[in-house]
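With the sequences and hints as input, model every part of the structure.
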Amino acid sequence: MFPERAVADGLVDAAHLAEVQGRSLWKDARIRFFRNKAAVVALFCLIAICIFAFFGGYLAQYERDAIDFTLSGPNAYKGVPSFATGHYFGTDADGRDLFARTVQGTRISLLVGIVGALIAVVVGTLYGAVSGYFGGRTDGLMMRTVDILMSVPYMFVLILMLVIFGKSILMLFVGIGLISWLDMARIARGQTLTIKNKEFVEAAIAIGVRPMRIILRHIVPNLAGIVVVYSTLLIPGMIITESFISFLGLGVQEPNTSLGALISRGASQMQYGVIWQLAFPLFFFIITLFAFFFVGDGLRDALDPKDR
Amino acid sequence: MYSFVFRRLAVAVPTILILIVLSFMLMFAAPGGPFNSDRPLSPTVMANIEARYGLDQPYWKQMWNYTVNVVTRFDFGPSFQYRDRTVNDVISQGFPVTLTYGSWSFVVAVVFGLALGIMAAIRHNSWLDYLAVGISIGAQVLPNFVMAPILVLVFTLWLGWLPGGGWNGGQWEYVILPVVALSTSYMASIARIMRSSMLEVMNAGFIRTARAKGLPIHRIILRHALKPALLPVLSYLGPAFVSMITGSVIIDVYFSTGGIGQFFVNSAFSRDYSVIMGITILVGVLTILFNLVVDVLYAWIDPKIRY
Amino acid sequence: MSIKATLLASGAAVLIGLSGAVYAQATHPVTGEALAADQTFTYRILDEFPSFDPQLAEDVSGGEIIRDLWEGLMNQDADGNLEPGVATGYTVSDDKLVYTFTLRDTAKWSNGDPVTANDFVYAWRRAADPATASEYAWFMELMSIQNASEILAGEMAPDMLGVRAVDDLTFEATITQPLPYYAQMTTHYTTFPTHQATIEEFGDQWTRPENIVSNGAYMLTEHIPAERSVRTRNPMYWDNENTIIETVVALVINDENQALTRYLAGELDRTEVPAGQYPRLAEEYPDEALSFPLLCSYYYNINLTDTGPEALQDVRVRQALSLAIDRDIIVNNVLAGGQVPAYTLTHWATAGFEVPEVAAATMTQEERNAAAVALLAEAGYGADGMPLSVEILYNTSEAHQSVAVAIGQMWKQTLGVDSTLANQEWQTFLEARGNQNYELARAGWCGDYNEASTFLDIVTTSSGYNDSKFSNAELDALMAEAKTSEDPLPLYTEAEQIVATELPILPVYHYASVYMLNDAIQNWPVNNVQQNWYSRDIYKIAE
Numbered sequence: 051m052f053p054e055r056a057v058a059d060g061l062v063d064a065a066h067l068a069e070v071q072g073r074s075l076w077k078d079a080r081i082r083f084f085r086n087k088a089a090v091v092a093l094f095c096l097i098a099i100c101i102f103a104f105f106g107g108y109l110a111q112y113e114r115d116a117i118d119f120t121l122s123g124p125n126a127y128k129g130v131p132s133f134a135t136g137h138y139f140g141t142d143a144d145g146r147d148l149f150a151r152t153v154q155g156t157r158i159s160l161l162v163g164i165v166g167a168l169i170a171v172v173v174g175t176l177y178g179a180v181s182g183y184f185g186g187r188t189d190g191l192m193m194r195t196v197d198i199l200m201s202v203p204y205m206f207v208l209i210l211m212l213v214i215f216g217k218s219i220l221m222l223f224v225g226i227g228l229i230s231w232l233d234m235a236r237i238a239r240g241q242t243l244t245i246k247n248k249e250f251v252e253a254a255i256a257i258g259v260r261p262m263r264i265i266l267r268h269i270v271p272n273l274a275g276i277v278v279v280y281s282t283l284l285i286p287g288m289i290i291t292e293s294f295i296s297f298l299g300l301g302v303q304e305p306n307t308s309l310g311a312l313i314s315r316g317a318s319q320m321q322y323g324v325i326w327q328l329a330f331p332l333f334f335f336i337i338t339l340f341a342f343f344f345v346g347d348g349l350r351d352a353l354d355p356k357d358r
Numbered sequence: 117m118y119s120f121v122f123r124r125l126a127v128a129v130p131t132i133l134i135l136i137v138l139s140f141m142l143m144f145a146a147p148g149g150p151f152n153s154d155r156p157l158s159p160t161v162m163a164n165i166e167a168r169y170g171l172d173q174p175y176w177k178q179m180w181n182y183t184v185n186v187v188t189r190f191d192f193g194p195s196f197q198y199r200d201r202t203v204n205d206v207i208s209q210g211f212p213v214t215l216t217y218g219s220w221s222f223v224v225a226v227v228f229g230l231a232l233g234i235m236a237a238i239r240h241n242s243w244l245d246y247l248a249v250g251i252s253i254g255a256q257v258l259p260n261f262v263m264a265p266i267l268v269l270v271f272t273l274w275l276g277w278l279p280g281g282g283w284n285g286g287q288w289e290y291v292i293l294p295v296v297a298l299s300t301s302y303m304a305s306i307a308r309i310m311r312s313s314m315l316e317v318m319n320a321g322f323i324r325t326a327r328a329k330g331l332p333i334h335r336i337i338l339r340h341a342l343k344p345a346l347l348p349v350l351s352y353l354g355p356a357f358v359s360m361i362t363g364s365v366i367i368d369v370y371f372s373t374g375g376i377g378q379f380f381v382n383s384a385f386s387r388d389y390s391v392i393m394g395i396t397i398l399v400g401v402l403t404i405l406f407n408l409v410v411d412v413l414y415a416w417i418d419p420k421i422r423y
Numbered sequence: 005m006s007i008k009a010t011l012l013a014s015g016a017a018v019l020i021g022l023s024g025a026v027y028a029q030a031t032h033p034v035t036g037e038a039l040a041a042d043q044t045f046t047y048r049i050l051d052e053f054p055s056f057d058p059q060l061a062e063d064v065s066g067g068e069i070i071r072d073l074w075e076g077l078m079n080q081d082a083d084g085n086l087e088p089g090v091a092t093g094y095t096v097s098d099d100k101l102v103y104t105f106t107l108r109d110t111a112k113w114s115n116g117d118p119v120t121a122n123d124f125v126y127a128w129r130r131a132a133d134p135a136t137a138s139e140y141a142w143f144m145e146l147m148s149i150q151n152a153s154e155i156l157a158g159e160m161a162p163d164m165l166g167v168r169a170v171d172d173l174t175f176e177a178t179i180t181q182p183l184p185y186y187a188q189m190t191t192h193y194t195t196f197p198t199h200q201a202t203i204e205e206f207g208d209q210w211t212r213p214e215n216i217v218s219n220g221a222y223m224l225t226e227h228i229p230a231e232r233s234v235r236t237r238n239p240m241y242w243d244n245e246n247t248i249i250e251t252v253v254a255l256v257i258n259d260e261n262q263a264l265t266r267y268l269a270g271e272l273d274r275t276e277v278p279a280g281q282y283p284r285l286a287e288e289y290p291d292e293a294l295s296f297p298l299l300c301s302y303y304y305n306i307n308l309t310d311t312g313p314e315a316l317q318d319v320r321v322r323q324a325l326s327l328a329i330d331r332d333i334i335v336n337n338v339l340a341g342g343q344v345p346a347y348t349l350t351h352w353a354t355a356g357f358e359v360p361e362v363a364a365a366t367m368t369q370e371e372r373n374a375a376a377v378a379l380l381a382e383a384g385y386g387a388d389g390m391p392l393s394v395e396i397l398y399n400t401s402e403a404h405q406s407v408a409v410a411i412g413q414m415w416k417q418t419l420g421v422d423s424t425l426a427n428q429e430w431q432t433f434l435e436a437r438g439n440q441n442y443e444l445a446r447a448g449w450c451g452d453y454n455e456a457s458t459f460l461d462i463v464t465t466s467s468g469y470n471d472s473k474f475s476n477a478e479l480d481a482l483m484a485e486a487k488t489s490e491d492p493l494p495l496y497t498e499a500e501q502i503v504a505t506e507l508p509i510l511p512v513y514h515y516a517s518v519y520m521l522n523d524a525i526q527n528w529p530v531n532n533v534q535q536n537w538y539s540r541d542i543y544k545i546a547e
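One line per chain: the protein sequences are D, G and X, in this order.
This note's numbering puts the first residue of the first sequence at 51, with every later residue one more than the last.
This note's numbering puts the first residue of the second sequence at 117, with every later residue one more than the last.
This note's numbering puts the first residue of the third sequence at 5, with every later residue one more than the last.
Hints are not guaranteed to be accurate.
Unchecked claim - Residues on chain X that point at chain G, a partial pick, calculated with CB under 10 Å:
id: 1; residue: Gly67
id: 2; residue: Ile155
id: 3; residue: Arg232
As the list claims (entries may be wrong) - Pairs of lysine to any residue, SDA-like flavour, derived with a Cα cap of 20 Å:
id: 4; chain 1: D; residue 1: Lys217; chain 2: G; residue 2: Leu142
id: 5; chain 1: D; residue 1: Lys217; chain 2: G; residue 2: Ser242
id: 6; chain 1: D; residue 1: Lys87; chain 2: G; residue 2: Ile251
id: 7; chain 1: G; residue 1: Lys420; chain 2: D; residue 2: Gly190
id: 8; chain 1: G; residue 1: Lys420; chain 2: D; residue 2: Glu249
id: 9; chain 1: D; residue 1: Lys217; chain 2: X; residue 2: Asn439
id: 10; chain 1: D; residue 1: Lys128; chain 2: X; residue 2: Pro283
id: 11; chain 1: D; residue 1: Lys248; chain 2: G; residue 2: Pro344
id: 12; chain 1: G; residue 1: Lys420; chain 2: D; residue 2: Lys217
id: 13; chain 1: D; residue 1: Lys248; chain 2: G; residue 2: Trp416
id: 14; chain 1: G; residue 1: Lys420; chain 2: D; residue 2: Lys128
id: 15; chain 1: D; residue 1: Lys248; chain 2: G; residue 2: Ile417
id: 16; chain 1: D; residue 1: Lys87; chain 2: G; residue 2: Gly250
id: 17; chain 1: D; residue 1: Lys128; chain 2: X; residue 2: Arg284
id: 18; chain 1: D; residue 1: Lys248; chain 2: G; residue 2: Ala320
id: 19; chain 1: G; residue 1: Lys343; chain 2: D; residue 2: Asn247
id: 20; chain 1: X; residue 1: Lys473; chain 2: X; residue 2: Gln501
id: 21; chain 1: G; residue 1: Lys420; chain 2: D; residue 2: His268
id: 22; chain 1: X; residue 1: Lys473; chain 2: G; residue 2: Ile417
id: 23; chain 1: D; residue 1: Lys248; chain 2: G; residue 2: Tyr423
id: 24; chain 1: D; residue 1: Lys248; chain 2: G; residue 2: Phe322
id: 25; chain 1: G; residue 1: Lys420; chain 2: D; residue 2: Ile245
id: 26; chain 1: D; residue 1: Lys87; chain 2: G; residue 2: Ser242
id: 27; chain 1: D; residue 1: Lys217; chain 2: X; residue 2: Gln440
id: 28; chain 1: G; residue 1: Lys343; chain 2: D; residue 2: Ile245
id: 29; chain 1: X; residue 1: Lys416; chain 2: D; residue 2: Ile336
id: 30; chain 1: D; residue 1: Lys217; chain 2: X; residue 2: Gln501
id: 31; chain 1: D; residue 1: Lys217; chain 2: X; residue 2: Thr400
id: 32; chain 1: D; residue 1: Lys128; chain 2: X; residue 2: Glu288
Bear in mind the hints are in silico, worked out from the structure with no lab data behind them.
Note that this is a predicted model, so its numbers are computed, not measured.
Using N, Cα and C, we set each Cβ at its ideal position, and we do this for glycine too.
Laid out in structure tokens, this is it:
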């Protein structure tokens, strides 16, 4: 009738073990993330691209600024991608090795995308959540500031930065960061307006939790889904904005390049029989974006406490 | 609600004024001027030009005169670059163009984006989910300045179906390509935000109740899930709509539509101060207006939201 | 006459009349080629022009429209030589200071008013008047018209300008120093007549299609800024029977590759060829791809003031840098449009000019490279000496970037000189270059008239366009003497030699116009180096 002593002991041991190996919410999220096949594939792609961007230079046979004059201008159509010549991706319109340039361009664009997304997430979410939570005049003031900053002619801010600080890569990130958080702030505020009326927030207020703590511990985590998704949506826009900033003279200067600049140059040459000049940078651009998007969706699904 | 709207409109006025002051300061601080050219002008001619356009006065006075003109007579001044046009001319010619293709792009992007997002959310993690997201992403990741030339290559040069640019008063053949190029940039964003938001709503308690009651899925979506899921989409659509109707420079440049997006960038590059200010104010007014509309819609969606 | 005869006669008359009209439209009156039914010429312009008011315009596209809408005293023929415009001819006084133009009595404005000498007096005064705020007012000064400088400086009233209408059909201009190319300057659009009553009535809006009054071969019928402008035949033009093209459409297309696509789709009759594409297009479309000289030179300014880099103050360094540029590669491999390498400043196709023999031009590139290395070592820089690094400033554009990248690499590979490339948007760039806030800055200069002094004047000390701040007393003296000399060519040659030795600028290449032109368009003035073309001279043949 009763279990034998050994079995009973085993049961007690098992119970202890189960207690110790408790699962935290983060571990739950991680397990859910890795169950999402698309997200895992995307994550591997991202890691592969990072390796390519930061270490691909060792594979390149040419410097990124060395010109082969026999392949420039009207002879660009001869710069076909081939393993034999060492121009794995072919050459660009000026006769420079596209592989080396794509490696370097991907590096800059990845940094731009990540830094911009980070600033948007950190600054934009906090700003929006604070504004939405406090409401009233604070909200009015903060959101009107956002309205003004959205309407100000951005190009002049950049030109001024160029004049004051001179051209530097750092200014590029500052320039990107200045506008990336505005839309995020609006989205975060919108969601906060709904979340702050929920019962658990009411309960927290009733207990006497201080506002900043409510915002950080209760509201922001509930924004996580939307914030993660939207921050990945910002990345392509920022890579393109970077090429505009460099156009003004502020960001990346020759012989350095970025994916935006490579794609722009390649697109202008696309009907002249040199399609690889567009194809390779565009390929990396698209793969990077797909990867970020699917990772973002995967994160959203993983962090959603109620997802089945 | 009325008092809220009224208060916001009242606040809009000082907001625009601050925008004007800030933009003026930025413009004047930037190097160069509207009459700087490859061949510098003689000092007397330059002095005359500046006197004619009031550029020789101290900055605060220029700002003051400008603001007074705008507020009392809606006179945005002459264009410094185009000698026979005023800013009102430039905007009244360019804005309808951008408004037309912007509005159509908005409609297309919203319809397709919402549909794809909802489909992806209902069939979460199925092939339909990935396909829907994949389509919208594929449409978005191609940057405008790659898509526009490809569209012209395919539809004008190879197929000969559509004209390669121009506006011609807005006949439909000239509107199609700009709308396609512009709407695809926003479709994926709308789809993904809708999907994400819809997924969160579908997991809520009241949806579970509706399912338990046996309601058909389309009823659940349309009657119960859609409204709350729309909230973050709306937050995104406010600024997105404004940017669509104030124009994409790329669309204007590649399709030669004569819209204000291109005017704005050109006037910024040639330091045509009055056109820059005119368009900045237009963008500012539209931004404030549509953010207000979005806020009002928030309250309609979620009755618990109080201002 | 019997009814039958009458019918026959009237029938014949009608036929002859009809065939006459058909004849004028169906075949070219001189060459007899079959003309196309649709005589519309559509071409592309890069940007919306700021103005096509003749006294206010300042750019090439504005000039193209102005030459069709208005007509000045003289025109240029297909080779760039003078031919009568509103004026049938001119005489010069013995001291060469007074030009008297005789106007034809058949010239009319598009509203029927006759064109008189007063219209020219009004227009020229308007150009010089500081109140007009014309950006080309300096052209009046360049023409050395009496009192022009004082009027521009605001010291005299505009009606003191040295021009007068002797009578309705005689226009007289007095200049302060003899200028052999003076009559050529009246082909420039700033000197074109404008209709006083219209301007006084409509003010700034007078160039709108509904208000405008013009005396040229065409009238403006439509203008949508940043999209298109349309001009159609002006029946009041005195030479209207010889105008064949009915309508001219200018489309604003910012992106040159897009413009090429639309040209190939048949939407345009003329567009520019993007850099590097000419050889391929010339092979695929031999009758449509054209390249001919354009009166402009491309060079790099060197900052010779104290704010410039010390190394570049040494003339040997400048010579080394100039020698190390492989201009053949730039012209053949980067641009590939028929441009010509430049070792001197003045364009080779300038009228009455011969490019002087400069040592650098006759060497091979290996010899040049060797000489460059030697010079640089002598100055103490380069591989064995101090490292040298320069910054090349240019305004953002793919073509400028390609050239700068190429030159930077040439300096690196040959001399071991590092270069950083800095691109800036146009206004910021102009400020930097104009204030000597650069080390090397890209520049281009187009001739205002077809004579060498238009180029060499920019390196004189007093020139407002001398961005290098180069000052050489000998060169100034030579240019001053050339103005009054009977045979300025030896003086120009000497001046060029000074430029080639002192190198305040590094000449790179002389421009060429590179177009795709619909082969149905005939009589394009390919020999006109200033590319002053008139729509009334061209015509379209039937395919």
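Hints, one by one, checked against the model:
no., hint, verdict
1, Gly67, "14 Å, violated"
2, Ile155, "9 Å, holds"
3, Arg232, "7 Å, holds"
4, Lys217/D x Leu142/G, "18 Å, holds"
5, Lys217/D x Ser242/G, "48 Å, violated"
6, Lys87/D x Ile251/G, "18 Å, holds"
7, Lys420/G x Gly190/D, "18 Å, holds"
8, Lys420/G x Glu249/D, "11 Å, holds"
9, Lys217/D x Asn439/X, "18 Å, holds"
10, Lys128/D x Pro283/X, "14 Å, holds"
11, Lys248/D x Pro344/G, "13 Å, holds"
12, Lys420/G x Lys217/D, "49 Å, violated"
13, Lys248/D x Trp416/G, "17 Å, holds"
14, Lys420/G x Lys128/D, "66 Å, violated"
15, Lys248/D x Ile417/G, "15 Å, holds"
16, Lys87/D x Gly250/G, "15 Å, holds"
17, Lys128/D x Arg284/X, "12 Å, holds"
18, Lys248/D x Ala320/G, "12 Å, holds"
19, Lys343/G x Asn247/D, "17 Å, holds"
20, Lys473/X x Gln501/X, "18 Å, holds"
21, Lys420/G x His268/D, "18 Å, holds"
22, Lys473/X x Ile417/G, "68 Å, violated"
23, Lys248/D x Tyr423/G, "16 Å, holds"
24, Lys248/D x Phe322/G, "14 Å, holds"
25, Lys420/G x Ile245/D, "10 Å, holds"
26, Lys87/D x Ser242/G, "11 Å, holds"
27, Lys217/D x Gln440/X, "18 Å, holds"
28, Lys343/G x Ile245/D, "15 Å, holds"
29, Lys416/X x Ile336/D, "35 Å, violated"
30, Lys217/D x Gln501/X, "38 Å, violated"
31, Lys217/D x Thr400/X, "14 Å, holds"
32, Lys128/D x Glu288/X, "17 Å, holds"
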